[in-house]
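*Asks:* Okay, here's what each chain looks like letter by letter:
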Amino acid sequence: MRRLLPHPLLTLTLAGIWLLLVNSLHPGQIVLGLLLGWMIPLITTQFWPEEVRIHHPVRLLHFICIILIDIVLANFTVARLILGRPGNLKPAFVSIPLELKSDLAISFLANVISLTPGTVSARLSDDRSYLLVHALHLNNTDELVTTIKFRYEKPLKEIFEQC
Amino acid sequence: MLEFFISALILTGAIFTFIGSLGLARLQDFYTRIHGPTKATTLGVGSLLVASTLYFTFHEDSISLHEVLVTLFLFITAPVSAHMLCKAALHLELPSLAKLPESQTNSTAPQRQSSKDQHD
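Sequence order for the protein chains is A and B.
Counted the way the working numbering counts, the first sequence spans residues 1 to 163.
Counted the way the working numbering counts, the second sequence spans residues 1001 to 1120.
No lab work stands behind these hints, which were simulated from the structure alone.
Just to be clear, a hint being listed does not mean it is correct.
[Said to hold, decoys possible] Far from chain B, by Cβ distances over 12 Å, these chain A residues were calculated:
#1 6
#2 17
#3 134
#4 151
[Claimed, not checked] Among chain A residues calculated to face chain B with C-beta under 8 Å, some are:
#5 35
#6 39
#7 41
#8 43
#9 74
#10 75
#11 91
#12 115
#13 140
We treat Cβ as the ideally placed atom computed from N, Cα and C, and that holds for glycine.
Work out the full structure, taking the sequences as your base and the hints as a guide.
*Replies:* See below:
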C-alpha cells in the first residue's frame, strides 16, 4: 500500500489542482486528475522522502486564516514604510532558533515569514537550527522572535509534527 | 453595484502593485528592496485576481476558478524567490544598511577564498 500510494494527500491535492486547471467537474476529468495525482508522486518519489502528515486539519485551516489576515496587514505595513521616509527605516538581521524538524514545516515557516509583516527569510543554517530573517523595520528584536515562535512556529509544530 | 465593487478591487490592486514597485526605487539597499515586490504585490495581485474571478463568474454564468490557482502558485513561489535572492545576496556579502550577520556556514568561506585565489 505504502509503495503503491506513497502520498495520499499529495494525490488529492494534485487531483484538485488538475480540476481547477481544466475548470470542470466532468467525471472523466476527475478520473484523469486522480490518475495524474497517483502517477506524479510515484515518478517524483525521490523529492518526497518523508510522508506528509497533517495531525490537526482544523488547526491548519485556522492557521491559514490567521496567515491570510496577516498578509493583508503586512501589505499595509510595508506600503506605509515604503511611502514614509526610507531614511527612518531600521533594517536588521535576526537569527531565529528553530524547533521544527521536518523539511516541509521549515519551508512552510520560511514562506509564512516572507509573506507576513516586514520580514523576509534569508538563510537557513546548515544544521537547520537557525533561520536568519531580514526585517525591514525593527524596533524590538525579542518581540519579533516571540511573535514568530508563538504565532507561526507553534501551530506549525502541532500541525506537522507529532508532539 | 457589482461593477463598482470590481472597479474598487482593480484600483486597490493597481495601487498596491505600484507601491511595491515604487519600493524598488525608494528603498536604499538590496535587502530592503526585496520587501517591496514580495509583499505589496501579493495583495495587489490578490485583489486583481478576486476582481477577475467575480467578473468572469457573473458575466459568463460559470464559476471561474483559475484565479485560485494563480494565487496558490504566487503564494508558493514569491517567498521562495525572495529567499533565494536574499541568500545569494548574503553569500556575495552585498552592502547592507543593517549589520551583516557573521557567516554561519563554514563550508562557504573556504570555497569563496579559493575562487578568489583563482582570480588573482
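*Asks:* Please go over all the hints and tell whether each is borne out by the structure.
*Replies:* Hint check:
{"no.": "1", "hint": "6", "verdict": "21 Å, holds"}
{"no.": "2", "hint": "17", "verdict": "7 Å, violated"}
{"no.": "3", "hint": "134", "verdict": "5 Å, violated"}
{"no.": "4", "hint": "151", "verdict": "16 Å, holds"}
{"no.": "5", "hint": "35", "verdict": "19 Å, violated"}
{"no.": "6", "hint": "39", "verdict": "20 Å, violated"}
{"no.": "7", "hint": "41", "verdict": "17 Å, violated"}
{"no.": "8", "hint": "43", "verdict": "20 Å, violated"}
{"no.": "9", "hint": "74", "verdict": "5 Å, holds"}
{"no.": "10", "hint": "75", "verdict": "4 Å, holds"}
{"no.": "11", "hint": "91", "verdict": "4 Å, holds"}
{"no.": "12", "hint": "115", "verdict": "6 Å, holds"}
{"no.": "13", "hint": "140", "verdict": "15 Å, violated"}
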